[in-house]
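Work the whole structure out from these sequences, hints included.
Oh and the sequence shown: position 39 is 39 in the UniProt record's numbering, straight run, nothing missing.
Hint data in this document are derived by calculation from the structure and do not stem from the laboratory. Just to be clear, a hint being listed does not mean it is correct.
Ranges of calculated distance between the beta carbons of each label pair, as one might list FRET restraints [unchecked claim]:
#: 1; residue 1: 55; residue 2: 225; range: 23 to 31 Å
#: 2; residue 1: 228; residue 2: 18; range: 24 to 32 Å
#: 3; residue 1: 146; residue 2: 193; range: 18 to 26 Å
Don't be surprised by glycine CBs; every beta carbon is placed ideally from N, CA and C.
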Amino acid sequence: MTVPRAFPFLDGPSGRFGARLVPRGDAPGAIPCGSLIEAGGLETALAELIRRHPDAERRALLSLWSRHYFYSLIPSVVLSGLDEARVLPLRLSETAVVLNGDGVPAAVALPHEGAVDPGTPVPDRLIPLARDHLEPLIDGLAAQARLSPRVLWGNAAGYLHWVVEQLDTPAGTEADALIHSPSWPGGWKNALDEPMRYTDCPDARQARRKVCCLLYRVPGRKLCSYCPLLERKHKERPN
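In structure tokens:
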């Protein structure tokens, strides 16, 4: 379907990594996100990808789908929250996903553009994204695909950490400390904690994902440069 124009607030700096939040009223063909965690939701989400790759593992296709979804959602939500103190409606039941012709997410539809509230504490600008949206979506889709939720959390965390690292602001600094903590304020586990593991190599510091994203199992894909399987292959290589 045609991707609607993004919310006007993304014309500014909050849309600098991609303006992919759109009004739900302009996206009548979007798939309600709440339906994705119900029975059959996974098949609905992956229908076009399955048609294109009928022999591919559902787990790998879900990981690919999620990468596009999280890229459509996370940068704009985080930037508008930390730069503008914009509070967005992110409950899964309020949102929908717009798929492109390739069958992957191209935008996330919200019921309205939220409101700017400079008094909102930094944790409250990020926790709704994690708790009200990502947690139910990841748990629901991962269960249907029989995939470890850690794979999808790792995909989401990669984008979250990348965006926050670009922010040289007090809110960005506070957010950086927050997302590197093993728990959110109140004790709720932070599944978006550091997705990478770093090791010192002779020439440079090497970054590897803690959990493989499985994209190499999608036809035409190879191991990425951050894949933990590369480290295993290196250790198994004879001297």
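### Task
Return the numbers of the hints above that this structure violates; sort them in rising order.
none
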